[in-house]
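Engineer: Here the protein sequences line up with chains A and B, keeping their order.
Once you know that position 73 of the first sequence is 73 in my numbering, the rest is easy, because the numbers rise by one and skip nothing.
To convert, count from 1 in the second sequence and add 1000; that's my numbering.
The hints are simulated quantities; they were obtained by calculation from the structure and are not laboratory data.
Incorrect hints may have been included.
The calculated lysine-lysine pairs, modelled on DSBU-like cross-linking and capped at a C-alpha distance of 30 angstroms, are [stated by the list, open to error]: (1) B/K1376 to A/K7; (2) B/K1376 to B/K1392; (3) A/K207 to A/K85; (4) B/K1121 to B/K1142; (5) A/K44 to B/K1386; (6) B/K1297 to A/K55; (7) A/K44 to B/K1280; (8) A/K55 to B/K1214; (9) B/K1297 to B/K1272; (10) B/K1386 to A/K7; (11) A/K223 to B/K1214; (12) B/K1280 to B/K1297; (13) B/K1376 to A/K55; (14) A/K121 to B/K1142; (15) A/K171 to A/K207; (16) B/K1386 to A/K76.
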Amino acid sequence: MWEYTDKVQQHFMNPQNVGELENPSGTGDVGSLSCGDALKLTIKVDDNGIITDAKFKTFGCASAIASSSVLTEIIKGMSIEEASKITNEDIAEALGGLPKEKMHCSVMGREALEAAIADYKGVILPMAEGEVVCECFGVTDLEIIRAIKESDLRSVEEITNFTKAGGGCGKCEDRLREILQQTVEGIAAEKSKPHKDQRMTTLQKIKKIEQVLEREIRPTLKKDGGDIELVDVDGDFVTVSLRGACSGCQSSRTTLKEYVEKKLREQVVDTLIVEEDK
Amino acid sequence: MNCGSDKVIYMDNNATTRIAPEVVDAMMPFLTDCYGNPSSMHTFGGMVGRAIEQARAQVADLLGADPEEIVFTSCGTESDSTAILSALQTYPENRHVITTRVEHPAVKNLCESLTQLTGHKHRVTRLMVDADGLLDMDSYKKALSDDTAIISIMWANNETGVIFPVEEMAAMARERGILFHTDAVQAVGKIPINMRENNIDFLSLSGHKLHAPKGVGVLYVRKGTPFVPFLNGGHQERGRRGGTENVASIIGLGRACELAGQSLEDENTRVKALRDKLEKGLLSTIPKSMLNGHPEKRLPNTSNISFEFVEGEAILLHMDRYNICASSGSACTSGSLEPSHVMRAMGVPFTAAHGSIRFSLSIYNTEEEVDLVLDKMPAIIANLRKLSPFWKEDE
């Protein structure tokens, strides 16, 4: 059973703004029956570019219905310009969060909104172009790259949770890994350019290190029954403490140098030195 | 903890069943006073050992087997793994396995990871099913090969209840000298089984599907069948399964098998009638609904119905409001993004597969419960269809 927030349950049990507007200013039609979820969003926009009404029809699970319902509430009264800035994270947040496997439901909401706005403006979305990577769910590389950038995705599993790509036959997994690597490298290169001379403050470093530990390193170690904790950061020296199965583990030094240090160097500062607190 | 079991309308018995009160009574002494180790030399432990032998006889009775053919395990999955891996070790030169596309993950995932487990590359023939969920006997015959080590085919499918002709298939296997295993987890206690009248070499069953507790299962091993244990260790189960016995659960399973034998007729008359009433009622009051699986060749308790243009998880959550428990083959409930492998193997259209609901009854269900479900379901489906972009009112 999924752990849904009260907000998700409310919107699922009593969805708001159900239906289809007559003569809408814009329509967004995304997903399909074969994919397991689909959303048709219709919006009414007045002369001042304000969304005065929005209605939806959704085929899908509780989180898909709740995401659609809350989306219509969010955008009503907004200007087109404001609405076009809405991200899937905004939708998930308005619901008090979604289970990570269900994040693609919020992405579907954002996609429908974008499509409706594009339809209103009479432009064609670039996302539909690009190369289809996941044939099971018809997801293009452009959509995947965008999700990686927007939601800071760092694993193939996360890509599947957010875009559904790779969730079918799994044939595209290697390609997804490739796209992920290229995109992440691209982001790192972009970031390092303007900031080359700027040094991170220790506080920034700690925050960033904690983030990498939490998102990537800890889950991997936990799979083997271990855990890791940040003890101190002094200049480039990072002191950590290995816990659980990792403490006293024969290969803990290799884990530390080959995995933890490597990851932190890749994603925080490439001069970091990781030591174990004994 | 109060989990509200007095309020639920439990129609998810292929997932698990309630423990029969008689079973709990039988178990209690072994959770309290009678804590001796059945392997001990003293009388205190020996009494427990004798109780286990009684349970073994009760299980054997239900299966039409001899007590020494019964090996207690921890679950159906362990029984499946034991049988299949035993056969592969018995015939290490034979690198071919036959199974179906609709097996439970306990067999399906094992067969998919044989290379990892054995270090050898195995050919796995996964037999297709037709739209009714039935196997094609011709392709089965063709698949039988001189290097087939084991055939593993479920007796009845957990999602649709469709029954496979495993006895007929086992006879063909015997002619070719090939070992035959069946995962009978869903069949035992629901349809009559007599191992003395067939050629099946291994059969798996699971306690919690027939009103015994979770955490206990059985592997039937026909006398004379070559056998390699899965868990090596002590001499328990005559050296066929190491590990101190899960005594209370084994006693419970014995009692549950005795009860299952007594209620087999009730299952195939009254429960079947309730299932049929539920099924006919739903199909006739809800438009665009369809039955998944062969209408006749089926367990008496299972009904798998698709409601087109709506999604299974959403249906289940609405049913949950009325405390109605069932399951779905939709993507969202399976934790994956695609509908169940059984629905896909049968070629159930996506429009219907995502909205499939499995009702599975037991002897504890009543007509009032069926009536309540029949009363609530049409509105649940209609309301969700109002939300669906694919539903046209005039259809």
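Engineer: Does each hint hold? Answer for all of them.
Structural biologist: Structure-based check of all given hints:
A distance of roughly 24 angstroms separates the Cα atoms of B/K1376 and A/K7; the hinted pair therefore holds under the 30 angstroms criterion. A threshold of 30 angstroms between alpha carbons decides the hint, and for B/K1376 with B/K1392 the separation of about 22 angstroms falls inside it, so the pair holds. The suggested pairing of A/K207 with A/K85 holds, with an alpha-carbon distance near 27 angstroms, which does not exceed 30 angstroms. Proximity of B/K1121 to B/K1142 is assessed by CA-CA distance (about 21 angstroms); at most 30 angstroms being required, the pair is judged to hold.
A C-alpha spacing of about 21 angstroms is found between A/K44 and B/K1386, which places the hinted pair at or below 30 angstroms, so the restraint holds. Between the alpha carbons of B/K1297 and A/K55 the distance comes to roughly 46 angstroms, so the proposed pair goes past 30 angstroms and is violated. The suggested pairing of A/K44 with B/K1280 is violated, with an alpha-carbon distance near 44 angstroms, which exceeds 30 angstroms. The straight-line distance between the Cα atoms of A/K55 and B/K1214 is roughly 47 angstroms, outside the 30 angstroms bound, and the hint therefore fails.
At most 30 angstroms may separate the alpha-carbon atoms for a hinted pair to count; B/K1297 and B/K1272 meet this at roughly 13 angstroms. With a C-alpha separation of about 21 angstroms, the suggested pairing of B/K1386 with A/K7 holds against the 30 angstroms cut-off. A C-alpha spacing of about 26 angstroms is found between A/K223 and B/K1214, which places the hinted pair at or below 30 angstroms, so the restraint holds. Between B/K1280 and B/K1297 the alpha-carbon distance is near 17 angstroms, which keeps this suggested pair within the 30 angstroms criterion.
A distance of roughly 27 angstroms separates the Cα atoms of B/K1376 and A/K55; the hinted pair therefore holds under the 30 angstroms criterion. Of the supplied pair hints, the one linking A/K121 and B/K1142 is violated, its CA atoms being roughly 61 angstroms apart against a limit of 30 angstroms. At roughly 36 angstroms between alpha-carbon atoms, A/K171 and A/K207 are farther apart than 30 angstroms, so this suggested pair is violated. As the CA atoms of B/K1386 and A/K76 are separated by approximately 22 angstroms, the hinted pair is consistent with the 30 angstroms bound.
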